[in-house]
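In order, the protein sequence lines correspond to chains A and B.
Quick note: the first sequence, position 447, residue 447 per the UniProt record's numbering, numbers continuous.
Quick note: the second sequence, position 109, residue 109 per the UniProt record's numbering, numbers continuous.
Careful: at least some of the hints might be erroneous.
Unchecked claim - The calculated DSSO-like cross-link candidates involving lysine-lysine, where the alpha carbons are at most 30 angstroms apart (straight line), are:
id, chain 1, residue 1, chain 2, residue 2
1, A, K445, B, K113
2, A, K522, A, K330
3, A, K445, B, K56
4, B, K74, B, K113
5, A, K445, B, K68
6, B, K56, B, K68
7, B, K74, A, K445
8, A, K500, A, K522
9, A, K216, A, K350
10, A, K340, A, K445
Claimed, not checked - Output of the computed footprint for chain B on chain A, the stretches with three or more beta carbons under 8 angstroms from beta carbons of chain B:
id, stretch
11, 265-276
12, 378-386
Because the hints were derived from the structure by calculation, they are not lab data.
For glycine and all other residues, C-beta sits at the position ideal for the given N, C-alpha and C.
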Amino acid sequence: MSITEAIMAKFKPEFWATGGGEPGSGRRVLNFRRTWEQAILLMLGVSLVPLLALAHLDFQVTRNHAENEMALRTGRLLNDNMRAVSFFLQERRAALQFVIQTHTLAELADERGLALNLEGLRSSVGGFVDLGLFDGSGRHFRYSGPYSLQDLDYAAESWFQEVVTAGVHISDFYRGFRDDPHLVIALRRDMDDGSFYILRATLSTEWFNAQLAQFKRSGYGEAFLVNRQGIVQTPTMNYGEVLQRVRLPELPSFTEEFRVFPGVDEDGRELIIGYAVIPDAPFILMVIQRKSEVLRSWVQTRLVITAFVAVSIILIILVILGVTTRLVNKLYQADHERIKAMQEAEQVGKLASVGRLAAGVAHEINNPLAIINEKAGLMRDLLVHGNQETRLVRMPVLLDAIREAVERCAVITRRLLGFARHLESRWQEVRIQDVIEEVLAFHGKEAEYRNINLCVDVAPEVPVFVSDRGKLQQIFLNLVSNAFAAIGDGGHIYITGTMKNEAQVLVTVTDDGTGIPAVDLKRIFEPFFSTRTQRGGTGLGLSITYGLVRELGGNIQVESAVGVGTRFFVTLPLNAAKLQDGREENANSVG
Amino acid sequence: MRILLVDDEYELVTTLAERMELRGLEADWATSGDDALARITTTSYDVVVIDIKMPKISGIEVKRRMEKIRPGMKYIFMTGHGSEGDFQEGSTEVGGERYYLLKPVAIESLLEKINEVSGH
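Make the full structure from the sequences, and use the hints.
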């Protein structure tokens, strides 16, 4: 035996082996296994479905809430940082504008003048690395700063081209001649004579890096700048190198000014991506958050709730299994006890009916015995007192009378023996008329003495069918005994047998006795219900009869009117044997 | 002494009557209650022996009617039925279980009872 089988054997409740029903028996009230299954399913259904539905609903609602919250916060952070970056650039541009409008070219071109302005800008608005002046041909004719870039020719640089045409230029971050990421702001100053010069300032990336690094410290992902082509401008941990393309599977089109939307990174992790276009600059601020990170606290709460729900479900299942199994087992045991009690009562009932028959038989046998006694006595008297002639004439007649009386006794004992033999439960071919007449034969003398009219009318089309003769005998013995008890001297008992339909025989037992009150009528098939308890009734007769009829696959009904009489309807199936076979197979299959 | 035997078994009453005649008693017999009642209207008997279980009119009922028609006769009940009810009813009716006999009866004990009730 494997371990699982051993466990099953240990926990398997008693009722488990009862299997699926016992057709035709009518003894078991319930199919306990099915009852158990139904109770378990029902209880699990009503307890788990609402719990799971609630848990699911809660999951959806809190998740939506958390995601909305996240989108809102992302939007706010994005907006704040975008304003900061935009303001920073505008401020620098405005400062440069101020410089070229408040100084003449001569003042700026003076070597000290440019350095003084650089110093002033650094100490006031800050962020400047160097300043440079360019003439219309792109020659860098004056420079102030840490690098030596003076006199280099910038005519071919794209920023120079653009500032010449547009008057102002804010560049992307680039490495340029100095090979270090930086950006430039360049302004064109037109002279009265039609010529122009250009003031160019270089801004270091420090401020941007510091500003955007703050964001990272907040723990909600990363913020960085890209240009419109998606080239990363400021450092980012996860989304590409500076001046490389941003590492996202799908680059947003940047057609809108401001947008927050879900996306995925290259490893397929879910992201919340937000971007905002910085006005008057070639930059786009991106804020990228990993969903798993921002939802972490929600996920943790979720885990606790899920664990709680799981433990609850396990407990509910265990409790339901335990309680239901216990209850059904109790039911089964009670039913088992009931069946045992019924079987004992049936045995008692059988014995009682045999006892009653035996008493009747003793009486009937006593009469022929008395005749034998007197005839034998007379023969002796004649032998003692009579003459030879009398003896010769009388003896044969007397002996015949004795033999006749013995024959009467034999008939009676044979009848009783036959009846007793059939009391053993056995399926055989039965002619219902024979059974009824056999039962009535036992009541013949009583009927004679009490002047009771017995009438049997079985329709000729009722066939011989297979049934349990012993049970049929008991059924009709009980019904006829009841009828005899109900009627007075000179009453009538009328028994009919007809075909109810193709498959069923209907036998009615009618008496014109006292009748049964309507209140009692509903209960007469219940065990221990008796109106004759004071007179020796056990209250089991009709309940046993009911059980026997059910065992034969039939059913029994009653109608009665007080003072008019009572009629029992016994319906018996012609194919009860088939039901019986099915039952036995079933009994075998469960061991 | 005149005896009337009442029993629905013809063979029994006739044989019993004959045996009583052989013993010097005047014994008449009847096989039904009606028959017996008819007899006592014409004849008086010292003792009437009656079977309790008889068709139509029971032995008890026959005895009651006889009491009315011809009071003062003595009765002995005889039955093949040993039931408690019959025993109670029978022995009360004749004033004691001594006069309630169970079939089959030995003729000696029947004669003894007859002598006893008739006071001879």
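Going down the list of hints, with the structure as the test:
1. A:K445 <-> B:K113: 28 angstroms, holds
2. A:K522 <-> A:K330: 28 angstroms, holds
3. A:K445 <-> B:K56: 12 angstroms, holds
4. B:K74 <-> B:K113: Holds, at about 11 angstroms.
5. A:K445 <-> B:K68: Roughly 29 angstroms separates the two Cα atoms, so the pair holds.
6. B:K56 <-> B:K68: Given pair K56 (chain B), K68 (chain B) holds - Cα atoms ~19 angstroms apart, limit 30 angstroms.
7. B:K74 <-> A:K445: 28 angstroms, holds
8. A:K500 <-> A:K522: 23 angstroms, holds
9. A:K216 <-> A:K350: Not OK: K216 (chain A) and K350 (chain A) at ~95 angstroms, beyond 30 angstroms, violated.
10. A:K340 <-> A:K445: 36 angstroms, violated
11. 265-276: violated (count 0)
12. 378-386: holds (count 3)
Hint violations for this structure: numbers 9, 10, 11, all remaining hints satisfied.
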